[in-house]
Amino acid sequence: MSIASGMHGILPTANLQRLLDALSTKGYRIIGPTVHDGSVVWETVRSVSDLPIGWRDQQEPARYRLEQTGSQDIFGVVHGPQSLKPLVFAPREPLLQIERTKDGFAARQMILQPEKVAVIGARACDLAGLAIQDRIFLKDAYCDPYYATRREGLFVIAVNCTRALSTCFCASMETGPRATNGFDLVLTEVDDRLLIEAGSEAGRHVLGGLSLSPASEELIGEAAKCIDACARSQVRRLDHTHLPQALYDAHEHPRWNDVAGRCLACANCTMVCPTCFCYTVEETPDLSHQQTDHARSWDSCFTQEHGYIHGKNIRPTIKDRYRMWLTHKFASWIDQFGMSGCVGCGRCITWCPVGIDLTEELPALMTPVQPSVSRRHVEG
Amino acid sequence: MVNAYAIHPATIVEKIREAEDINTYRLQLVDEQVRRGFCFKAGQFNMVYLFGVGEVAISIVSDPDEPELLDHTIRSVGRITTAVAGLQPGDVLGIRGPFGQGWPLDQAHGCDVVIVTGGLGCAPVVGAIEYIFRRRAQYGAIKILHGVKTPHDLLYRERFDAWRRSPDTEVLLTSDQPDKSWSYRIGVVTELFELVSIDPPKSIVLMCGPEIMMRLGVPILMRRGIPATAIYVSLERHMECGIGLCGHCQMGPYFVCKDGPVMRYDRVAQWLGRAGV
Amino acid sequence: MSKPEEEPQKPRLAVFKFASCDGCQLSILNLEEDLLALGQALDIAYFPEASSDMKPGPYDIALVEGSITTPDDAHRILSVRRQTKMLITIGACATAGGIQALRNWADVEAFKQAVYPSPEYIQSLSTSTPISEHVHVDFELWGCPIDKNQLLRVITDLVAGVQPRLPADSVCLECKRRGNVCVLVAKGLPCLGPVTRTGCGAICPSMGRDCYGCFGPSEGARKGPGLPPNTASLARHFHGGLQLVPLEVMRRFRGINGYVSSFRAESNAWEKKT
Numbered sequence: 000m001s002i003a004s005g006m007h008g009i010l011p012t013a014n015l016q017r018l019l020d021a022l023s024t025k026g027y028r029i030i031g032p033t034v035h036d037g038s039v040v041w042e043t044v045r046s047v048s049d050l051p052i053g054w055r056d057q058q059e060p061a062r063y064r065l066e067q068t069g070s071q072d073i074f075g076v077v078h079g080p081q082s083l084k085p086l087v088f089a090p091r092e093p094l095l096q097i098e099r100t101k102d103g104f105a106a107r108q109m110i111l112q113p114e115k116v117a118v119i120g121a122r123a124c125d126l127a128g129l130a131i132q133d134r135i136f137l138k139d140a141y142c143d144p145y146y147a148t149r150r151e152g153l154f155v156i157a158v159n160c161t162r163a164l165s166t167c168f169c170a171s172m173e174t175g176p177r178a179t180n181g182f183d184l185v186l187t188e189v190d191d192r193l194l195i196e197a198g199s200e201a202g203r204h205v206l207g208g209l210s211l212s213p214a215s216e217e218l219i220g221e222a223a224k225c226i227d228a229c230a231r232s233q234v235r236r237l238d239h240t241h242l243p244q245a246l247y248d249a250h251e252h253p254r255w256n257d258v259a260g261r262c263l264a265c266a267n268c269t270m271v272c273p274t275c276f277c278y279t280v281e282e283t284p285d286l287s288h289q290q291t292d293h294a295r296s297w298d299s300c301f302t303q304e305h306g307y308i309h310g311k312n313i314r315p316t317i318k319d320r321y322r323m324w325l326t327h328k329f330a331s332w333i334d335q336f337g338m339s340g341c342v343g344c345g346r347c348i349t350w351c352p353v354g355i356d357l358t359e360e361l362p363a364l365m366t367p368v369q370p371s372v373s374r375r376h377v378e379g
Numbered sequence: 000m001v002n003a004y005a006i007h008p009a010t011i012v013e014k015i016r017e018a019e020d021i022n023t024y025r026l027q028l029v030d031e032q033v034r035r036g037f038c039f040k041a042g043q044f045n046m047v048y049l050f051g052v053g054e055v056a057i058s059i060v061s062d063p064d065e066p067e068l069l070d071h072t073i074r075s076v077g078r079i080t081t082a083v084a085g086l087q088p089g090d091v092l093g094i095r096g097p098f099g100q101g102w103p104l105d106q107a108h109g110c111d112v113v114i115v116t117g118g119l120g121c122a123p124v125v126g127a128i129e130y131i132f133r134r135r136a137q138y139g140a141i142k143i144l145h146g147v148k149t150p151h152d153l154l155y156r157e158r159f160d161a162w163r164r165s166p167d168t169e170v171l172l173t174s175d176q177p178d179k180s181w182s183y184r185i186g187v188v189t190e191l192f193e194l195v196s197i198d199p200p201k202s203i204v205l206m207c208g209p210e211i212m213m214r215l216g217v218p219i220l221m222r223r224g225i226p227a228t229a230i231y232v233s234l235e236r237h238m239e240c241g242i243g244l245c246g247h248c249q250m251g252p253y254f255v256c257k258d259g260p261v262m263r264y265d266r267v268a269q270w271l272g273r274a275g276v
Numbered sequence: 000m001s002k003p004e005e006e007p008q009k010p011r012l013a014v015f016k017f018a019s020c021d022g023c024q025l026s027i028l029n030l031e032e033d034l035l036a037l038g039q040a041l042d043i044a045y046f047p048e049a050s051s052d053m054k055p056g057p058y059d060i061a062l063v064e065g066s067i068t069t070p071d072d073a074h075r076i077l078s079v080r081r082q083t084k085m086l087i088t089i090g091a092c093a094t095a096g097g098i099q100a101l102r103n104w105a106d107v108e109a110f111k112q113a114v115y116p117s118p119e120y121i122q123s124l125s126t127s128t129p130i131s132e133h134v135h136v137d138f139e140l141w142g143c144p145i146d147k148n149q150l151l152r153v154i155t156d157l158v159a160g161v162q163p164r165l166p167a168d169s170v171c172l173e174c175k176r177r178g179n180v181c182v183l184v185a186k187g188l189p190c191l192g193p194v195t196r197t198g199c200g201a202i203c204p205s206m207g208r209d210c211y212g213c214f215g216p217s218e219g220a221r222k223g224p225g226l227p228p229n230t231a232s233l234a235r236h237f238h239g240g241l242q243l244v245p246l247e248v249m250r251r252f253r254g255i256n257g258y259v260s261s262f263r264a265e266s267n268a269w270e271k272k273t
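Residue numbers (numbering that gives the first Met the number 0), protein chains in the order written: chain A, 0 to 379; chain B, 0 to 276; chain C, 0 to 273.
Treat each hint with caution, since some may be false.
Said to hold, decoys possible - According to the in silico footprint, chain B covers these stretches of chain A (three or more CB under 8 Å from chain B):
#	stretch
1	89 to 102
2	105 to 113
3	129 to 142
4	284 to 292
5	301 to 311
6	322 to 329
Since the hints were derived computationally from the structure, they do not count as laboratory data. Just so you know, even glycine gets a beta-carbon here, dropped at the ideal spot from N, CA and C.
Chain A on its own, in the form it takes in the complex (with noise of 0.2 Å):
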């Protein structure tokens, strides 16, 4: 196993208070997984016991539940429904406050101050996923402010996956479940012992900081094995070797009409989804209309005035929303920022209240119609 940036050490699980301690003492907040009503939920941690001890999730199709094994290790749930995403997009966030004037209004900019975030427990899916947001958001042709304020601040704890959920596939979308970039510094927790590894300069001077011993080559070889083995022990998958154009020739495709069936166009999957960037802007004015409140929220192709224009909708039913939803995920995303908007996170497989899982949607979507078939089930 190579070490990402030639900088690592040894910290006895026991003792992770001290980079709790070493971060807080830096300055930041630090924000890690949190049990919350039978999940984990980002959260404010000021000691490691706030963290999942002991707690394991296991996930499947419209299904969660945690369990407590009675060990102590730190990070063994693997995800709840948040992404990194509201950390740096915020699922609300006013934009303006405009207040009427003599002359008009004025809009006052409402860029927050600054914070020192760290959060604790990033997975590699969260990692790939905050990589695409930043192309989204900060490599454009405009750069989001908002956004900017928000992950200038952000000091990232990756964590290696050594534990697979029945829904991770991102081995094969080639996201995990090692971390290799776009983390601070990076935790493989094996047995009783962390690897902790930097990954950025930010990382490097906090890890000089905790004098740690050097992992030896026996801790790596480990820590690397677990990591291969919850690659290795991943039963979903998804061959995306076709895309973008399997896709968009699927267009018509009969299996619309069936995962129409059981979609529910509740838009959860678009919101635990670690990539999906649509909002919508919203005004709050005061009942006298002398201020108002302009502020996005998350938004999603799944909502009735997605798709509006001029009084009609040009995507009525649960099937154009489905349709528009998968093939922007895994083709026009692509053709628009260079990469894949999917990173095998499972998330939107999990929290589908009915369980569509599109580890099973996409090979179907691409397999050839039989001619008999597609005549009973092609609209006309």
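Given chain A's structure and the hints, the job is docking chains B and C onto it.
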């Protein structure tokens, strides 16, 4: 960092009634510095903002050589545009922009320019026509073909008349539901193609109107020998940001707000008319 | 933006009650300081629940709470409609018939016999129906009770001359934006959020409870096969995935908004399987 979300107040200097539910708002940016720095290309659009209600993408219809006054022709159809209709000169709107790709007017140098529009689709080309007339010598013949449903839908009548009087310029208007007042052609705009001479190798086509007009019209033009690469269309989609981020305006692989609204036909041909795209 | 005119006449607001529990009217009173702002922006001309000073119509905006369950109500709503420019239903009863619309599947005569010592004095219709089955309704505010902020927003827009915007998205959007963990997926609760209209702020899932659909179906103006809400798929999952028996599935959809066509059709379909 430039905040593309910043909205600049703009006073309605003049409100011109074009039709029962269509008005042109002549806007002047309030802030002098912003006003002086504002320049746009014909075919680009602004996000027009109404206090407490929201923003809507509207193409700039005025002459790009006079960016101090910005005309926007708006039909009352949604909640924002309907509320805008209640405004009067002296009232203030907001502007964010300009955004998107305009018409390829530099590329059209030396070409005959065939302009094909339907309904309110004539608005986004007005600025292009004004631009061409200011540099008349740089372009060949101008042919303006415009179709409306009923005579009430005809905007800019005086402008069409003025353009008609210009040298080397043909203007053909048609209505498919005419009444007695209508003195021009009868039928749909694509039927006008037969009435004009087109010199394919030196022609460029600018098209804007309902997507059905483009889908039916382009094959006719292509049969006349005009390649799809010489046909430009201006598209419409729901937009909330104007900068390719909010996701609403996608058409296939394109964000109409930043890759368009003006797109070369061969690039969008496969997406036009596709259900749900 | 319009310049303020000299002392413009304030829009006149009236609040009417039909068969209901008064909870939606209480939501208006619960606006607290916003209620004062409301009183400044509008002339609250008729609101018996709040004031005994009841001024006659005509009104600009009438808020109507409750469903139509008696012959007298069926007559009175016609008069309310005549007196107002804009009629807005507030709450599940007025918008969808309410929980009392369960009578539409039952024998009201038998209820009367069982409940009242002298049932012959009770004048009651055999059904509870939404206001829109009787008169034209301009806007419908869903919920049991309504969301006071949504009401305030609609009035704010109307006072400013703007068409109110009432999203028809699912509760799930708001639930995820709030960072909630899905109660259906993580706890196996039969949450109606995926087919229920947003507007409540996802209150129940935020408290770890399953949504029971009090904001009605998540559907736009255009309804029909292939369009949301896909109640059939969710119902199948309640039965096959969450192991609810058909009677329980039927009851999920036959609740506060049980009489709305999409929920009604779903509960009827599962009633046949019981």
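Results of checking the hints against the structure:
1. Coverage of a stretch by a chain is defined here by at least three residues with a beta carbon nearer than 8 Å to that chain's beta carbons; for the stretch 89 to 102 of chain A and chain B the count is 5, and the condition holds.
2. Check result for the stretch 105 to 113 of chain A against chain B: holds, 4 residues qualifying (beta carbon to beta carbon below 8 Å, three or more required).
3. As drawn, the stretch 129 to 142 of chain A meets chain B at 6 residues by the rule of a beta-carbon pair under 8 Å; at three or more, the given contact holds.
4. Under a criterion of three residues with beta carbons nearer than 8 Å to beta carbons of chain B, the stated coverage of the stretch 284 to 292 of chain A is upheld, 3 such residues being counted.
5. Given a C-beta distance limit of less than 8 Å, the hint that chain B covers the stretch 301 to 311 of chain A holds, as 7 residues qualify and 3 suffice.
6. Remark: the stretch 322 to 329 of chain A is confirmed as covered by chain B, as 3 of its residues place a Cβ nearer than 8 Å to a Cβ of that chain, reaching the required three.
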